[in-house]
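First to last, the protein sequences are chains A and B. Read in the working numbering, the first sequence has 106 at position 106, and its numbers run on one by one without any break. One gets the working numbering by counting positions in the second sequence from 1 and adding 168 to each.
Don't take every hint at face value.
To be verified - Using 27 Å as the maximum straight-line C-alpha spacing, the simulated DSS-like pairs for lysine-lysine come out as follows:
| no. | chain 1 | residue 1 | chain 2 | residue 2 |
| --- | --- | --- | --- | --- |
| 1 | A | Lys14 | B | Lys198 |
| 2 | A | Lys120 | B | Lys288 |
| 3 | B | Lys324 | B | Lys190 |
| 4 | B | Lys324 | A | Lys91 |
| 5 | B | Lys281 | A | Lys156 |
| 6 | A | Lys14 | A | Lys120 |
| 7 | A | Lys14 | B | Lys259 |
| 8 | A | Lys31 | A | Lys111 |
| 9 | B | Lys324 | A | Lys156 |
| 10 | B | Lys198 | A | Lys156 |
| 11 | B | Lys259 | B | Lys324 |
| 12 | A | Lys100 | A | Lys14 |
| 13 | A | Lys156 | B | Lys259 |
| 14 | A | Lys111 | A | Lys100 |
| 15 | A | Lys156 | B | Lys279 |
| 16 | A | Lys113 | B | Lys324 |
| 17 | A | Lys156 | B | Lys288 |
| 18 | A | Lys111 | B | Lys324 |
| 19 | B | Lys324 | A | Lys120 |
| 20 | B | Lys199 | B | Lys324 |
What the hints assert, rightly or not - To spell it out: a stretch of chain A is covered by chain B in this simulated footprint if at least three of its residues, at any positions, have a beta carbon under 8 Å from a beta carbon of chain B; those stretches are:
| no. | region |
| --- | --- |
| 21 | 124-138 |
| 22 | 146-152 |
Hint data in this document are derived by calculation from the structure and do not stem from the laboratory. Glycine residues also receive a C-beta, built at the ideal position from the N, C-alpha and C atoms.
Below are the chains, spelled out letter by letter.
2 protein chains.
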Amino acid sequence: MYHPVISQCIQNLKCLETCLDKAEQHAAAKKFDVGVLMTSRLAPDMQPFIYQVQSACDYVKAAAAWLSGQSPPRHEDNEQTVDELRARIRKTVALAESMKEAQYAGASERKVKLSWAPGKVIGGEDYLLQLTIPNTFFHLAMAYAILRHNGVDVGKRDFLGPVNFVDA
Amino acid sequence: MYHPVISQCIQNLKCLETCLDKAEQHAAAKKFDVGVLMTSRLAPDMQPFIYQVQSACDYVKAAAAWLSGQSPPRHEDNEQTVDELRARIRKTVALAESMKEAQYAGASERKVKLSWAPGKVIGGEDYLLQLTIPNTFFHLAMAYAILRHNGVDVGKRDFLGPVNFVDA
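Excised from the complex, chain A in its bound form (with noise of 0.2 Å):
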């Protein structure tokens, strides 16, 4: 399950694209700087919208990497801009694209450590269930909800992206 369910994170990855588009062409539509948007946030002591996507890249780069028996290159987290984070989807998704299916053999018995969990390890399949899954989508969808709140055009299809319904 593991190349599968990373394909459809990297998926909803790329939709984020769709929702960087809407959020340019509102803020021209309204004449305001577009950098309100990537800075707003849902709480006082919530992160930000760049955050949001910047957490979601590290989460698909991270399960890519780890379940694949690589270790994750580090990306800075130091975009601004639209463009910037256009760029930081772009290379996350090449990344992790270019693992193949094989590679993902064997990820079940891997253990995973990651940096704010010391002396701990979880295994693969956890760490795929329990970790990629929701952390990958709690922040697309805070992301997407930043956009929302703030009067973007957004909707669920948006979010969604394809979906390969046939003819019945």
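Please build the complex by placing chain B on the supplied structure of chain A, with the hints as guidance.
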């Protein structure tokens, strides 16, 4: 992957009960009717908290049923109180947990037909990956975001629930 992924969705749905506890505590401390939170939204043209919970429940219910070869029972969307939402979550969890791993055999070959996509079907794997995971976590995250935006002291750990770290 059907049973472990749906089990994880169930796990995160259960976590909503912690958020409901905190919503009640916040309303009591601030001396306002918790019903205000139940009908809160992030944007005027977005669905309120109660709907987000109902919808998260329904994606979990539907996945557990369709992918194990059953038709999901209809759950009326008539909840108005925190206790009624708890009951909705619990009946969803009980139903979804009643499906055993063996019942998901053949889920990949199933075709799922959804009322809002007339004349179309979606294969079991696409249904799990493209609809169940993104929609379940989307609605769970919107419920969380509505509470967070309104000052309820929920944090990411409440959203994630238990994580099986073990000693390195």
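Results of checking the hints against the structure:
1. For the given pair, lysine 14 of chain A sits about 41 Å from lysine 198 of chain B by alpha-carbon distance, which is inconsistent with the 27 Å threshold.
2. Between the alpha carbons of lysine 120 of chain A and lysine 288 of chain B the distance comes to roughly 46 Å, so the proposed pair goes past 27 Å and is violated.
3. Simply put, lysine 324 of chain B and lysine 190 of chain B have alpha-carbon atoms about 13 Å apart, close enough for the 27 Å limit, and the pair holds.
4. The straight-line distance between the Cα atoms of lysine 324 of chain B and lysine 91 of chain A is roughly 26 Å, inside the 27 Å bound, and the hint therefore holds.
5. Between the alpha carbons of lysine 281 of chain B and lysine 156 of chain A the distance comes to roughly 19 Å, so the proposed pair stays at or under 27 Å and holds.
6. Proposed proximity of lysine 14 of chain A and lysine 120 of chain A is contradicted: the alpha carbons are some 31 Å apart, above 27 Å.
7. A threshold of 27 Å between alpha carbons decides the hint, and for lysine 14 of chain A with lysine 259 of chain B the separation of about 35 Å lies outside it, so the pair is violated.
8. For the proposed pair lysine 31 of chain A and lysine 111 of chain A, the alpha carbon gap of about 50 Å is over 27 Å, so the pair is violated.
9. Annotation: proposed proximity of lysine 324 of chain B to lysine 156 of chain A holds, straight-line Cα distance about 22 Å (limit 27 Å).
10. Annotation: proposed proximity of lysine 198 of chain B to lysine 156 of chain A is violated, straight-line Cα distance about 33 Å (limit 27 Å).
11. For a cut-off of 27 Å, the pair hint linking lysine 259 of chain B to lysine 324 of chain B stands: about 25 Å separates their Cα positions.
12. A threshold of 27 Å between alpha carbons decides the hint, and for lysine 100 of chain A with lysine 14 of chain A the separation of about 18 Å falls inside it, so the pair holds.
13. Using a Cα cut-off of 27 Å, the hinted pair lysine 156 of chain A and lysine 259 of chain B holds, with the two alpha carbons roughly 26 Å apart.
14. Of the supplied pair hints, the one linking lysine 111 of chain A and lysine 100 of chain A holds, its CA atoms being roughly 20 Å apart against a limit of 27 Å.
15. A distance of roughly 23 Å separates the Cα atoms of lysine 156 of chain A and lysine 279 of chain B; the hinted pair therefore holds under the 27 Å criterion.
16. Of the pairs offered as hints, the one joining lysine 113 of chain A and lysine 324 of chain B holds, with about 19 Å between alpha carbons and a cut-off of 27 Å not exceeded.
17. Restraint check for lysine 156 of chain A and lysine 288 of chain B: satisfied, since their Cα atoms lie roughly 19 Å apart, inside the 27 Å limit.
18. A distance of roughly 23 Å separates the Cα atoms of lysine 111 of chain A and lysine 324 of chain B; the hinted pair therefore holds under the 27 Å criterion.
19. The straight-line distance between the Cα atoms of lysine 324 of chain B and lysine 120 of chain A is roughly 19 Å, inside the 27 Å bound, and the hint therefore holds.
20. The suggested pairing of lysine 199 of chain B with lysine 324 of chain B holds, with an alpha-carbon distance near 25 Å, which does not exceed 27 Å.
21. Beta-carbon proximity to chain B at under 8 Å applies to 10 residues in the region 124-138 of chain A; the threshold of 3 is reached and the given coverage holds.
22. Under the rule that three or more residues need a Cβ within less than 8 Å of chain B, the assignment of the region 146-152 of chain A holds, with 3 such residues.
Checked against the numbered hints above, the structure breaks hints 1, 2, 6, 7, 8, 10 and satisfies the rest.
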